[in-house]
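Line by line, the protein sequences give chains A and B.
Numbering-wise, our numbering puts 147 at position 147 of the first sequence, and it's gapless, one number per residue.
Numbering-wise, our numbering puts 148 at position 148 of the second sequence, and it's gapless, one number per residue.
These aren't lab readings, by the way, just hints derived from the structure by calculation.
Every residue gets a Cβ at the ideal spot worked out from N, C-alpha and C, and that includes glycine.
Careful: at least some of the hints might be erroneous.
[Unchecked claim] Cβ pair distances, simulated, as ranges:
#1 B:GLU153 <-> A:GLU121: 33 to 43 Å
#2 A:LYS49 <-> B:GLU151: 38 to 48 Å
#3 A:SER47 <-> B:GLU82: 50 to 60 Å
#4 B:GLU97 <-> A:THR77: 25 to 35 Å
#5 A:GLU113 <-> B:THR113: 22 to 32 Å
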Amino acid sequence: MENPKFVYVLHINTSPQKLWNALTQPEFTQQYWGGRRVQSDWTVGASIKHLKPDGAVELRGEVLQADPPHRLSYTFTSPAREGEPERAPTRVTFEIAVAFGVTKLTIVHDGFEPGSKQFLEVANGWQAILSSLKTLLETGAPLPFTWKG
Amino acid sequence: MNTAPKFVYRTLIATTPKKLWAALTDPEFTTQYWGGTRLESDWTEGSRIVFRWQGKIVHDDKILKSEPPRLLSYTFKPLHMEELLAEPASRVTFEIEEFTGKSKRQGAVVKLTVTHEDFPAESKIFPMISQGWPDILSSLKTLLETGHAIEFEW
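Just chain A, same shape as in the assembly (with noise of 0.2 Å):
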């Protein structure tokens, strides 16, 4: 059985650094990553935070690459369940590339184990999470849903 990778593609009518400062500013990342501020200073070897709208921390990891505007790669564990064993870190890649006039993300998120149950959960997420990104970096305003906590 082979680990799954999730890897999704998406043209955004924007500027690499705008993208960039989209994944990497918590004031940003707020608005379309379900109120998540997601928090580093964003050199190699820093940690990184994913912090609810309440302020609990979500997801922690760390800084694997960072070139601006072009590369980011970060690990994070998600905290397990209640009852559940502790779940291993998975790896998160950000590609920032021009085509066709504007700006094209690839992500590819990956390092989780054969049949992973957290995999299905992390595709749907993110589907949702770029799909509101490149919707706020086009009309200035995010796609009109809120998550659960």
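Chain A is fixed; fit chain B onto it per the hints.
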């Protein structure tokens, strides 16, 4: 091991199912976001669907399912590249659902799922469509949300 590949892409669009259906089936609309390709059909099951690009017929396919504004499926066989003609037709399906997220809906958001399947194990077309759908669907979303498509040429 060779397994038959399958491409799945989901995107959320601030629109209604009816407007998205129109965007998938109106030739004037498709020309704007499909790299200049005009899709023509009467969109009933069993009917022909023709793709025209720069006046030439580049696909001559068949509608398999048509349930406006929820479900559309047709065969898919490019005719404009000699080296691809031996490959059998594949199948693409568009599913349109209202999206509510995890809490109450605040506006019209639609989830579009595009599934492209029935490829042979060593398909030459599969890598092309895997690149092409994100281009087309990114542009479609931009067109519906802003009124202007992302223009691209392959």
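*Which of the listed hints are not met by the structure?*
none
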